[in-house]
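J.: Next come the chains, spelled out residue by residue.
There are 2 protein chains.
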Amino acid sequence: MKKEKATIHDIARKLNITASTVSRALKDHPRISAETKKAVQKTAQKLNYQPNHIAAALRNGKSKIIGIIVPTADRSFFSSVVRGIEEIANGSQYNVMICQTYDNYEKEVATVEALLNARVDGVIASHGKETQNFDHFLKVKERGIPLILFDRSNDELEVSSVVIDDFLGAYKATEHLIQQGCRRIAHFTNTRKISIFKERLRGYREALLDNNLSYDETLVIESNLQLEDGRNSTEQLLTLRERPDGIFSASALGIVGALQVLKENNIAVPDQVALVGFSNETYTSFTDPSLSTVEQHSMRIGNAAAEIFLEEVNADQKKFIPQKIVLKPELIIRQSSLRKK
Amino acid sequence: MKKEKATIHDIARKLNITASTVSRALKDHPRISAETKKAVQKTAQKLNYQPNHIAAALRNGKSKIIGIIVPTADRSFFSSVVRGIEEIANGSQYNVMICQTYDNYEKEVATVEALLNARVDGVIASHGKETQNFDHFLKVKERGIPLILFDRSNDELEVSSVVIDDFLGAYKATEHLIQQGCRRIAHFTNTRKISIFKERLRGYREALLDNNLSYDETLVIESNLQLEDGRNSTEQLLTLRERPDGIFSASALGIVGALQVLKENNIAVPDQVALVGFSNETYTSFTDPSLSTVEQHSMRIGNAAAEIFLEEVNADQKKFIPQKIVLKPELIIRQSSLRKK
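Residue numbers (UniProt numbering), protein chains in the order written: chain A, 1 to 341; chain B, 1 to 341.
These aren't lab readings, by the way, just hints derived from the structure by calculation.
Treat the hints with caution; some may be incorrect.
Identical copies go unnamed one by one, so any copy, or any two together, can satisfy a pair.
Stated by the list, open to error - Derived lysine-lysine pairs resembling DSS-like cross-links, with alpha carbons at most 27 Å apart:
{"hint": "1", "residue 1": "K38", "residue 2": "K340"}
{"hint": "2", "residue 1": "K139", "residue 2": "K62"}
{"hint": "3", "residue 1": "K318", "residue 2": "K38"}
{"hint": "4", "residue 1": "K340", "residue 2": "K263"}
{"hint": "5", "residue 1": "K263", "residue 2": "K38"}
{"hint": "6", "residue 1": "K324", "residue 2": "K46"}
I would like the entire structure built from these sequences, with the hints used as guidance.
T.: Structural data, given as structure tokens:
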């Protein structure tokens, strides 16, 4: 049989004092004598009194809500980060609300506004591709609400962030293709204004140079990295007189598009063209051949972001020092890049 | 050059009256003369004055937030529904916040509580697999906030809902397999307590009976319908003396698992075993062969749910009549079930 939960009224009755005295005693109020505080604590323990944190938080003006801003929640990367955040947040009775910006700047600004109106206790965000003005995020900071950025971050905001080493991920992917015998490796990238894509391009380039391969701009194709973009970029590569023998895409969907076009043209993967993508989306292991990719440890990113939030929300604002956590990515080698020697 | 937005202060200055008079005139306040109202409206038009609806809504105690509750946001089905909701909601200056329950009942209850604390103007929800007590949803209704259920709904709550005809979707899928020559069709289902799965099973069964095929319980396998479940169920089917020549799964991941196991056992798809899944997840077209599936028109479900919300939120509560919208699903035939004749 489940016991009824003890309330402050039970403690009050037991000690023959008022509930408000009990409440103040539990909060260590200066007007309550040390003697009474001791008696209340002892009785609370005896009755196994559990304070209702959520109700208390609401009375203190806390909503117990963390707002999460992502470009889109349906990519495995972002949804795993959210899962990672919830794993930690739920343990501390925080609820999580997710807002999608679809990489639209105006929507991102409106979303920050809406979250502040919903009185969230913190914001964990990955900004959109278009975002160059960060005033809306500054507003969160000015309200004294913890703001943590992940994946796509901005150092100038001077807030905490959790990112992966994109340079390293790209370097490992490219180096692996070279080790498999590729000598002309193409790269699918997005706008170079966003740091994660700039870093992946840099990793690709450095790996080539470190292995005495030349960096050829005609093999670097800029696009939105969606499925159609991957298809178009691959068709473009197939028109080159000297075709590539490997492709490293800065996205997961881009490399699916590449695989489709290569198969349609009866070009053997990985033997004629080896493929590696970025981000371990569910479907990358469903294709035939399955796709090699860079695992971003998205659950860990979410865990770390939520841990920083808890640390910051419980700390003295003035004493909290923003931190940047950089996680090491991992290369997952599947059939699309593993050549039989 | 962009013109500065006109404010009520500009109108006030122009007419030499106070801003508060302008504000009240615009709101058709009874204490303001018809003459003044006319003058204000004329000047507002001339200056191209755009009222700030969001600020006004907040003053009126509206948050302009719709809370969405889904088991998980990373399935194409749910994320497309959300997209459909946002398409309509954004046009009316509503922001959308998504909460995931991971099919956990306690989390669902806490989520409803959190959304009410965030003062959302409406809730659009698909309840979890475990949910059998609906009191938390009743609370939304009692607060006079529009509640719309989709996909997984509950008629007893007497709120609006948007669903697809799961029976019809399953019937079409099974009938198609029969037309392709299948005579022993297996079915992967989930717990029969949830109406969508019960309906899909019923559609499968009716299609068999209507085509003079017998319904065989040993071919109906209950599981959580995840990837591993699909694999295990298929392995179980392969141990039967009389193996099936077709599989219809009530989920998308289940049929991916089936395809993997069949390929590993060198069983030809669709010639030896034809496959059809449910829900048009992105990856279903990435496999080889690509997977036939039932399209649930998820964007339309979202559109419809948001349209009902807008209708209800703008209607006189007492006059609004809950409505149930049932959409017809569509069978998408891909390589996994299309036999060459």
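J.: Going back to the hint list, which numbers does this structure go against?
T.: Result: hints 1, 3, 5, 6 break, sorted rising.
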